[in-house]
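Read top to bottom, the protein sequences are chains A and B.
So for the first sequence, numbering that gives the first Met the number 0 puts the first residue at 0; every next one is plus one.
So for the second sequence, numbering that gives the first Met the number 0 puts the first residue at 0; every next one is plus one.
If you're looking for bench data, these hints aren't it; they were derived computationally from the structure.
Hints are not guaranteed to be accurate.
Which copy? The list can't say, so a pair holds if one copy fits it or any two copies do.
No farther apart than 20 Å at their CA atoms in a straight line, the calculated lysine to any residue pairs in the SDA-like style are these [what the hints assert, rightly or not]:
id	residue 1	residue 2
1	K55	A440
2	K153	E243
3	K153	V244
4	K327	G70
5	K55	E96
Spelled out from the first residue to the last, the chains are:
2 protein chains.
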Amino acid sequence: MIDLTGLKEIFGGEMLVEAKDVTRYGVDQIGDDHYRQNPAAVVFPTETSQIAQLMKWANRTGTPVTPRGGGSGLAGAAIPVAGGVVCSFKKMNRIIEIDTENLMVTVEPGVVTNTLDKELMAHGLFFAGYPMSEDICYIGGNVAENAGGGRAIKYGTTATYVLGAEIVSPTGEVLHFGGKRLKDVTGYNMLQLIVGSEGTLGLFTQLVIRVIPRPGARGVLLAAFPEIRQATQYVAALRRVSSEVPSSIEFIDGETARSTNVSMREGDRQTLSPETQAYLLVEFDGPDTDAVDRLLQAAAVLVGENGGAADTMGTQESTMEAAWKLRKQVPWWVKRNAGSCHSLEDVVVPPAAVPELVMFADHLRSSYKVPIAVFGHAGDGNFHLTPMKAPEMSQEAWEHMIPDLLSELYGEVVRLGGTISGEHGIGRKRVSSLSVALSDAERASMIAIKRALDPRNVLNPGVIFSESEVMAE
Amino acid sequence: MIDLTGLKEIFGGEMLVEAKDVTRYGVDQIGDDHYRQNPAAVVFPTETSQIAQLMKWANRTGTPVTPRGGGSGLAGAAIPVAGGVVCSFKKMNRIIEIDTENLMVTVEPGVVTNTLDKELMAHGLFFAGYPMSEDICYIGGNVAENAGGGRAIKYGTTATYVLGAEIVSPTGEVLHFGGKRLKDVTGYNMLQLIVGSEGTLGLFTQLVIRVIPRPGARGVLLAAFPEIRQATQYVAALRRVSSEVPSSIEFIDGETARSTNVSMREGDRQTLSPETQAYLLVEFDGPDTDAVDRLLQAAAVLVGENGGAADTMGTQESTMEAAWKLRKQVPWWVKRNAGSCHSLEDVVVPPAAVPELVMFADHLRSSYKVPIAVFGHAGDGNFHLTPMKAPEMSQEAWEHMIPDLLSELYGEVVRLGGTISGEHGIGRKRVSSLSVALSDAERASMIAIKRALDPRNVLNPGVIFSESEVMAE
């Protein structure tokens, strides 16, 4: 049992310790209750000094601490060690400064991503990171996971926009790396090492984020292709010939799109043909609707040349929202359809290898006799291949089969020059698969850094690496 | 004395060991012979396995190894330990693949940056990194230093384009991080940690670089402002109102521009007014000359509104080259003018603090009675403030004075929210100044990483941190 007296000295009565209260902090959106591990306590710091004290206490007592943002992660990085402490950033949610001169914002990690973007909109500004869970995810979690999402093809991932941070180290020191500057080569790039380290190398307590002028207009095209091959050819053609990079190129396989569509409220549904094998949602942004319309028209011509048809197209907010709703509902449909018996993957391959990856899903479907939803960020080769239990399959058979399927999938993406996670992270889910993507020496160099910065392995142990790997010497 | 037998086993006779041959490897472009330290041997590997063997030998024998690219660094990061080994990448200079489908290139580190860009031009592609020394610097050096340069305001620094690398670790392991993929969150971001680590955490042996379609047209505007204040106001206005980010906004103070101009061949000179206090070179790129012309015209109107005059303007190659020649000749004029008695700095501040920084140069000029050339990347707040010995000052007085001046300058940029190096690095030059920008705890976290990856401190010791800091436990 952990020593609650020390924690109370830091946080007063402001913490959760009852079983009924802590259970919702024992999972994230990984969707499989097998990963559940309930903490002994959940604390809600309001300032950096409390987090520094927390980590000093953790080192003294050897208690594991797991940072937690919005809990929307998909690989279990916010799932604590059973009986450990969860450090929730819920109450550190101030937007400290919107600096319109430098085009930078300073925020606490608990700000919900969409809340920040709405504030920025009032200033004509734009946070270009766009995780699909922007309604619930915290900006601190985006940064800790280096969230990717739907606009990375044009704007890059979240890490691209992180200029500086205040960070509490695993041993409880308050550190500042980077800042309000566009260039910085003053020592090692600790900032980008800790960004994306899934809460294992430091706790962000303040972030300096670069923002950009909001594009004057956006527009979408929802294109339907009779064959998957035509859709992947179209993506390649679009990358070659378009004078502007689309802000999104999202793929949904036909069956998944139709199943998702009928699961939605009637007013939200698209009219989808039963013959379509692949849908692409293409979005452009630009200075004004005329410019965006020209890009959409050219992109639509290219759809026709590749054998598809532009089903929906326009720069009106309602048209765009309807198209995006279909795309965004896919993972929720998967959950409703398959319950915990699904595995939402985020493998990534070189853009030119997308056709091979999509075809490989067919091979997996027929080998393992399970449906696989294929959707995701076609523009940057990052796909959510999602195997789901077939209705006739038993849960036991599913559980027995899925490690083999994932192992074959991971092996294939690495063979294609890709890797096992493009945006969700290793978390707890892929700890034992990391060796598919990285050699022993490569993992050893990472573990050496973990040990150097967190010698007692108290900050988010069991995430990325197993506890025994880190502690073995 | 080092054990040459071991080296000969790896490299055969292909190395330099005579004093007359190794001296040119005892300096870089830091421009001050006080930093000279001649190596005992210089080796020229042609393949990765030799470098792995070299590092294993270095660990066995405790011999320091310093990697070297084009030798164009400005902070001494390529200056070896006296009596150590220099590992030159001169012979590892193959462009392995230009992958036009994925828009990525795979290169060895010894490729000269301009050579790569010329090859890319033939494919309509573009390496967006643009260090001012692109004629001589190696791509490996750019990556190791995270070179910035004149296009970072639009395109970011070199690090932005590094997707993957083969790296020999300080202990001689061959590691691969990243690859031909646009997203990757598989474990720690070792790649971006080692990028910019100035050759202290690993030796790059192969690089995967993202390239982009080459803009169809470029155009420049050389604007003259009677007062410095007007130029800095113009930069702020341009950032606010321009619909497109300029690809460069370069500043040269009036006196430095005129002195540089008269030092150039007559045919290369611009017509510069004696009344001008500040010049700005603004470059745009875009899909075609019409689009670029429109941007230039709008930018020129804004020059007038801020009290300046557009001296030169156009999208012709010759006009652009002439304007850039003036800017690029500045550091060479400084060298000819002041010999080793100058200090080429690269401090960086938040863009909105540029006026304060430029004004601070006036304070330093009058306090220390030395001329200071002010030039550099106004768009991203990164300035080459360069104090030079006054003609009437003795070399002794200069040497006595310069540490105080730099200390005051570094203190001021940190106070303004900036840092002491935006693109040249810490190297050997700023080792003792690093504590101005970073706390003890921040430096300790970096040193912990250095020790974890290079426990015998054999890879480029004395760069970024002193040897005693790293070895003390």
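Do the hints match the structure? See the list:
1. In this homomeric assembly, K55 and A440 come within 20 Å of each other (Cα to Cα) only across copies, at 14 Å, whereas the closest approach inside a single copy is 31 Å.
2. When the C-alpha separation of K153 and E243 is checked against a cutoff of 20 Å, the pair qualifies both within a copy, at 9 Å, and between copies, at 15 Å.
3. With identical chains, the CA atoms of K153 and V244 are at most 20 Å apart both within one copy (6 Å) and between copies (15 Å).
4. For the identical chains of this complex, K327 and G70 are intra-copy neighbours only, at 18 Å inside a copy versus 51 Å across copies, given an alpha-carbon limit of 20 Å.
5. Taking the shortest alpha-carbon separations for K55 and E96, neither the intra-copy value of 29 Å nor the inter-copy value of 50 Å comes in at or below 20 Å.
The earlier numbered hint that this structure contradicts is number 5, and it is the only one.
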